[in-house]
Every structure is written in C-alpha cells, then in structure tokens.
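K.L.:
Sequence:
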Amino acid sequence: MAQRKKKTSPPRKKKTAKPATSVAVKEERANPLSIRSCLRVLLPLAIFAIGFASFLYATQESWQETFTEQSAYRTLPKNLEVTSPPNWIRADVKDEVLKNHGFSQTISLLDSGELEQIASAFAFHPWVKTVKKVQFRYPSTAQVELDYRTPVLMVEVPGGLYPVDPSGVLLPSVDFTPKDAMAYPRLNDPGSLPERVGKNWGNQMVTEAAAISSYLVRDWQKLGLARIVPAKHFSQGQTNFHYWYYLVSQSGRTRVFWGEPPNRSDSDEPSPIVKLQRLLDYLQTYGSLEHPQQPQDLDLRSPQKILISPRLTDSPQKLPSQDTL
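Here the sequence shown stands for residues 769 to 1093, where the numbers follow this note's numbering.
For the record, the hints were derived by calculation from the structure and aren't laboratory data. Don't take every hint at face value.
To be verified - Listed below are the simulated PhoX-like cross-link pairs for lysine-lysine, each with C-alpha atoms no more than 20 Å apart in a straight line: (1) 967 - 1000; (2) 967 - 947; (3) 897 - 990; (4) 846 - 901; (5) 846 - 862; (6) 897 - 862; (7) 897 - 947; (8) 901 - 947.
Stated by the list, open to error - Just the calculated beta-carbon pair ranges, DEER-fashion: (9) 873 - 1048: 29 to 37 Å; (10) 1002 - 946: 17 to 25 Å; (11) 887 - 1030: 56 to 64 Å; (12) 852 - 887: 52 to 60 Å; (13) 1010 - 948: 17 to 25 Å; (14) 880 - 1031: 16 to 24 Å; (15) 885 - 1056: 29 to 37 Å; (16) 854 - 1048: 17 to 25 Å.
Beta carbons: idealized from backbone N, C-alpha and C, even for Gly.
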C-alpha cells in the first residue's frame, strides 16, 4: 500500500520590519498647520495688512488735503469782501444784493459762472455805477470791487424830490433826509417822471442840469446857490432851440448865467472848470455872490472874464422851471 505523501506548505515569508517613524514626523503629517506652515500662510497676510494700512493712511491724508483745499475755494455769501460805500449811501448794499438775488448757499470761487452771477447781481443795484472786478482771494473769500454812483442834483416834482447822478440816473430817495436834500442843486419840475431807480430819467433838462451840477455840487452851499434853471435859447433866424442854464442864489437876488451844458460840440464858451473857478474867485474877492445894495447878474459865458451887471428890479428873482435868455 502506497504511502501518502505529506503536503508541504510553501515557506512563509518573513515579515520585514518597517522603519521606525519619529514622533515629530508623525505629528507633522498629522497636523498640517505646524509652525512652519503657519508662517508660510501668515507672512503674506501680514505683509498685505501692512500695505493696506499704509494705503488707507495715505488715502486719508490725501482726502483730508483735498477736502481742505476744496474748502479754501468755497465761501458763504456773507463773507464776500465788498467795497465800502461812501457816506451818502445809508443802505446796506451788500445785504440788499444777497437778499434780492437769493444768494444763500456756499459759492464756488473756482466757478467762473458763479462769479459772473455775483457781478451781475451787484451791477443791478441802483447805487452801483460799475462792478470793476470780482476776484478770488485765498482762502475762502472773494473781493467785489465797486464804483458807486454820486448824487449831484435833486429834481423837484409833485410829491417830492428825486436824486440823480451826473448822467441823470435816478437814485434811491430813501437814503436822503430833507436836510440832506438841501445840500444839492435843485431843478424844478422838468415835466416828466422817471421810470424806476437805477435807470436814466430820459429827460434832456435833467440830463444836462445833472451834468452841470456835477461841477458845482461840492461848492454849492459855499457859493450860496439854490437852484439851476433851464432857459430856451433860439439861434438867430431859427425856430429850433436848445437849453442854456442859469443858477439862482438862495435869496433870489443874484442870477449866474452858466450857459450851455458840458461837452456841447458847437460851444465857444469857457470850460465848466473855468466857469467854476471864476465863481470861486468872485466869492473870495467879495465874500458873497450877493451885491449888498441891488440884485445882479453874473455872466460866466464870456471867453475873457466874468461879466457883472445890475438888475433894475429890487424884488427877488422868481424861479420858473423854464425861461428865455
């Protein structure tokens, strides 16, 4: 009987020992956010944060500078520097302009359009002759340089007196008391009324009398004069006329034949300055334009000298609005 062969098992492979892993390596593999990893992540973030903070600081500085700079180029209307008015103007010109034209918000001094609006608003005021300039002044204001109108004549019409400037422009009468009005030459009713303050009267007698008065107004009271009177002058052989003017003293006993208004092209009379000087010289010599015994006429129209002639009447000269020389 055959013997059974014993099955033989294949030889077992020997287990090879795995190399030992250090604790540090295990921890590094187990925890990816180790110190080195944290540094790799946080360092760029820190650099970014520092850069961003620097950017914010620089931006804030720039914004503050820009804001400050913009504030220097803006102003409130009340801060405008306006030429001080002369003593005959009692109105607050600046305040009236700002109220009448609705200037209440801040004004951009870099906006030429707004500066032009300011100039136009002041030019509209009846006391303003010209707006010389509106100029930015650093910081935060603008200078408004004005040339004001000067009253030289009071025009007497039913209901009151109206002041006008040398070109015949009507001025605000509310700025004058009755005492103030006495200091100015006076023209009797010219037969028309003005349109409104700030506009030319539009009357020849007013315009010409105002032009003459502009030379006399400073010395009017010293000379003892009261009125300026237009007189129709007819050229020889013609029916057309133009006006000559004479002055009447406060007593009415002296007439001063002034003659033609200034700048009449066909005139051969002395200049207004020469005429005025003749009156002042007469005043200095005699102490008054009045003759102590009788009424008289003083004629300034002669090219050579002042002509003096007595008047036969002893009664004060009537003061018509128009006469004939």
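K.L.:
What's the verdict on residue 897 and residue 990, does the C-alpha distance respect the 20 Å limit or exceed it?
P.N.:
violated, 28 Å
K.L.:
Take the C-alpha atoms of residue 967 and residue 947, compute the straight-line distance between them, and say whether it is at most 20 Å.
P.N.:
violated, 25 Å
K.L.:
So the hint says 17 to 25 Å: do the beta-carbon atoms of residue 1002 and residue 946 match that?
P.N.:
Roughly 38 Å apart at Cβ, these two residues miss the hinted range, so it is violated.
K.L.:
At the C-beta level, are residue 873 and residue 1048 separated by a distance inside 29 to 37 Å?
P.N.:
violated, 54 Å
K.L.:
Taking only the CA atoms, is the gap from residue 846 to residue 862 under or equal to 20 Å?
P.N.:
Holds: residue 846 and residue 862 sit about 8 Å apart, inside 20 Å.
K.L.:
Between residue 854 and residue 1048, is the Cβ distance one that fits in 17 to 25 Å?
P.N.:
holds, 24 Å
K.L.:
Straight-line Cα separation of residue 897 and residue 862 no greater than 20 Å?
P.N.:
Roughly 14 Å between the alpha carbons, so the hint for residue 897 and residue 862 holds.
K.L.:
Range hint 56 to 64 Å: satisfied by the CB atoms of residue 887 and residue 1030?
P.N.:
Violated, at about 30 Å.
K.L.:
So if I understand the rule, the pair passes when the alpha-carbon distance is 20 Å or less; does residue 897 with residue 947 pass?
P.N.:
violated, 25 Å
K.L.:
Would you mind confirming whether the straight-line C-alpha gap from residue 846 to residue 901 stays at or under 20 Å?
P.N.:
holds, 18 Å
K.L.:
Holds or violated: residue 901 with residue 947, Cα cutoff 20 Å?
P.N.:
It is violated: about 35 Å lies between the C-alpha atoms, which goes past 20 Å.
K.L.:
With respect to the beta-carbon atoms only, verify the hint that residue 852 and residue 887 lie 52 to 60 Å apart.
P.N.:
violated, 18 Å
Going through the hint list in order, the structure does not satisfy hints 1, 2, 3, 7, 8, 9, 10, 11, 12, 13, 14, 15.
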